[in-house]
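Q: So the protein lines, in turn, are chains R and Z. Throughout the first sequence, residue numbering follows my numbering, covering 1 to 396 in sequence. Throughout the second sequence, residue numbering follows my numbering, covering 1001 to 1242 in sequence.
Derived from the structure by calculation, the hints contain no laboratory data. Don't take every hint at face value.
[Unchecked claim] Have a look at the derived ranges for each label pair, beta carbon to beta carbon:
#1 R:Asp12 - Z:Asp1233: 45 to 51 angstroms
#2 Z:Arg1211 - R:Ser392: 25 to 31 angstroms
#3 R:Val368 - Z:Glu1125: 55 to 61 angstroms
#4 R:Gly314 - Z:Gly1020: 25 to 31 angstroms
[Said to hold, decoys possible] Partner residues aside, some chain Z positions facing chain R, computed with beta carbon under 7 angstroms:
#5 Ser1057
#6 Gln1066
#7 Phe1095
#8 Phe1097
#9 Val1137
#10 Lys1140
#11 Asn1148
#12 Leu1150
Glycine is no exception: its CB is placed at the ideal position from the N, C-alpha and C atoms.
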Amino acid sequence: MYRLALNMLFGDRAKLAMLLCGLAFSALLMAQQSSVFFGIMSWTYTPMVNIRAQVWVSDPMVEQVNDAKPLRDTDLGRVRSVDGVAWAAPLHTSFVQARMQDGNFKLITLVGIDADTFAGAPAVLTQGRIEDLRLPDTVIVDEWGAALMGRMTVGPDGKPRSTPLKVGDTFEVNDIQARIVGICKVKRAFTGGPFVYTTYDRAKGYTLGARRTLSFMLVEPQKGVTPAELCDRIERDTGLKAWTSDTVIWSWGERSLARNTFWWFWTNTGIPFSFGTAVLLGLFVGIAISGQTFYSFVLENLKYFAAIKAMGAGMGVIARMLFVQAFTAGLIGFGLGAGMAQGIGRAMIEKGMPPFVMYPQILWATFVLVLGISFVSAIIGIIKVSRVDAASVFRG
Amino acid sequence: MSTLAHTIAVRASGVDMFFGTPENQVVALQQADFEARRGELIMLVGPSGCGKTTLLSVIAGTLTPQAGTVEVFGQRLDGLGQEELTAFRRKHLGFVFQSFNLIPTLTVIENVMVPLLIQGRPFDEAHARSLAIIEKVGLKGREDGRPNALSGGQQQRVAIARALVHEPPLLICDEPTSALDKDTGGHIMELVRDLSRSPERCVVVVSHDHRIFRFADRIAEMEDGRISRVVDDPKLLDSTHL
């Protein structure tokens, strides 16, 4: 009977198309909005991705990576003395205004790294050398920042255009010159400011007036010591907070600074509510369109279902037929919707805006929700068919 | 057991059937008695609202009467639950409906296969048996077409094939010719009559169509929810009363 049930479904192409449109649109909306949401949320812990170290140490009151509470410089020595620490390097992060040559101001994320070890330096430099940071007044700017902070010039067509900054260009931070010696490739941040790398000592100069400039300490464990073990030791011996650098937000554990940052934004901003509303909208639209279309499909076939009942099919058989029809439509609708979401996502990734991260969990959740829509649709149909009297087939 | 008992296919005795609320009750059947024999084609006739369709539904086990007994090929229906009635219909009954009730999105052969698949027969077996009966009703070569590509007579032949594919002993036909012209209706009734000529089968036809009364072995006339008379020779029935 299931084969016939499918033939009944595929035989009515107009209804099938409508049903698939509803399910696909719903799947698209849920998958796409969730992926953009997780893309934006992945920007919240961008420093953890761009500044690489196995263990991060912060003030005990720090809740997330964008909210550094300055430490004393002497804390670095205390951490270095903890058993199991291979090395520890200072890190400064702050948001400061940069004054461009044309007089414009741009907010930047200033990152000061240890000049001896370059711990926390960007992984990919597209122009320049990291060692050049040891030269006076030098910085490395990220690619996107170089474009954002570019100079406004007049093009051959007479229209103004922005020319990206390049090695050798300069700008000012707190009236101190910053000369670009490299362009790096890093992930963009939620806060929007370009990443500008310099040495830790020079960063102190750029943030005049700040009494404390040590935002975090980047720590490497000795061989045989796990990051989690080292975190325990640092916290026990220094009273500071130590974090692991893993960015898998799905796993449990309080050690990951990225995960804590993710959940901080989850609970303290309206972003989840906003995107959650869109996802719920997708779910309700899916239920409304698919439920209505499937119900109309059942209504059109009601007299045939009544005939099948009269011929001796129990409600169990008919219910399974309706489930097969609804779930098949759900599977196809999910495939179409998820495929479209992937396509849109690829286009977004190429443009870089808005951020798009489609975790497998998003696909699974969308799959389950679409099957839920199919289930609801099938139940609506089953209720209708169950109320049909088999004797009604004799009433013309 | 008497010889007569062996020849009875359907027996309904003292059947009462009411619809609606006690304050607003509609009497459909009142002490209705009906018998159909094996190997015969019996027609139920009468004016609209006389209870033909209700009696047919009671015999088919799609309605349970408030009083009386119903026996079909030795099986009492009045004590059966819904699941048992469903199983009974699945095995023992074939239906031909007034408006054919062929599923338009399925092919001819798929429509015919439905009763066998409901019985849980394997797809290949159902396909082979359906093909054979489609050939028997004269529609060979049309099995892969859709029902709405066929004429009314051909569609009713498909409906008959569907009703018989699982070889039920009782064939129930509800106004089988009402949607057909005289000649086509005649051909269909010839086919139905031929099918009734088996000691293991009985055909009950409900009809308003006096043009087909000549195909009946007996005609049971209904009036006010009961059988008013049974005519052994259809020619004796004055159709102007119907």
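Q: Evaluate each hint against the coordinates.
A: Hint-by-hint comparison with the structure:
1. Checking the proposed 45 to 51 angstroms range against aspartate 12 (chain R) and aspartate 1233 (chain Z) shows it holds: the Cβ atoms sit about 49 angstroms from each other.
2. The supplied range of 25 to 31 angstroms is met by arginine 1211 (chain Z) and serine 392 (chain R), whose beta-carbon atoms lie about 27 angstroms from each other.
3. Against the hinted window of 55 to 61 angstroms, the Cβ-Cβ separation of valine 368 (chain R) and glutamate 1125 (chain Z) comes to about 38 angstroms, which falls outside the hint.
4. Look at glycine 314 (chain R) against glycine 1020 (chain Z): about 28 angstroms separates their beta carbons, and that is inside 25 to 31 angstroms.
5. At about 4 angstroms, the closest approach between the beta carbon of serine 1057 (chain Z) and any beta carbon in chain R falls short of 7 angstroms, and the interface hint on this residue holds.
6. For glutamine 1066 (chain Z), the interface hint is violated, since its Cβ never comes within 7 angstroms of a Cβ in chain R; the closest pair sits about 14 angstroms apart.
7. Hint status for phenylalanine 1095 (chain Z) relative to chain R: holds, with the closest Cβ pair at about 6 angstroms, below 7 angstroms.
8. The beta carbon of phenylalanine 1097 (chain Z) comes within 6 angstroms of a beta carbon in chain R, closer than 7 angstroms, and the hint placing it at the interface holds.
9. Restraint check, valine 1137 (chain Z) versus chain R: the minimum CB separation of about 18 angstroms is more than 7 angstroms; hint violated.
10. The beta carbon of lysine 1140 (chain Z) comes no nearer than 21 angstroms to any beta carbon in chain R, farther than 7 angstroms, and the hint placing it at the interface is violated.
11. Residue-level restraint check for asparagine 1148 (chain Z) is violated (minimum Cβ-Cβ distance to chain R is 11 angstroms; threshold 7 angstroms).
12. Restraint check, leucine 1150 (chain Z) versus chain R: the minimum CB separation of about 16 angstroms is more than 7 angstroms; hint violated.
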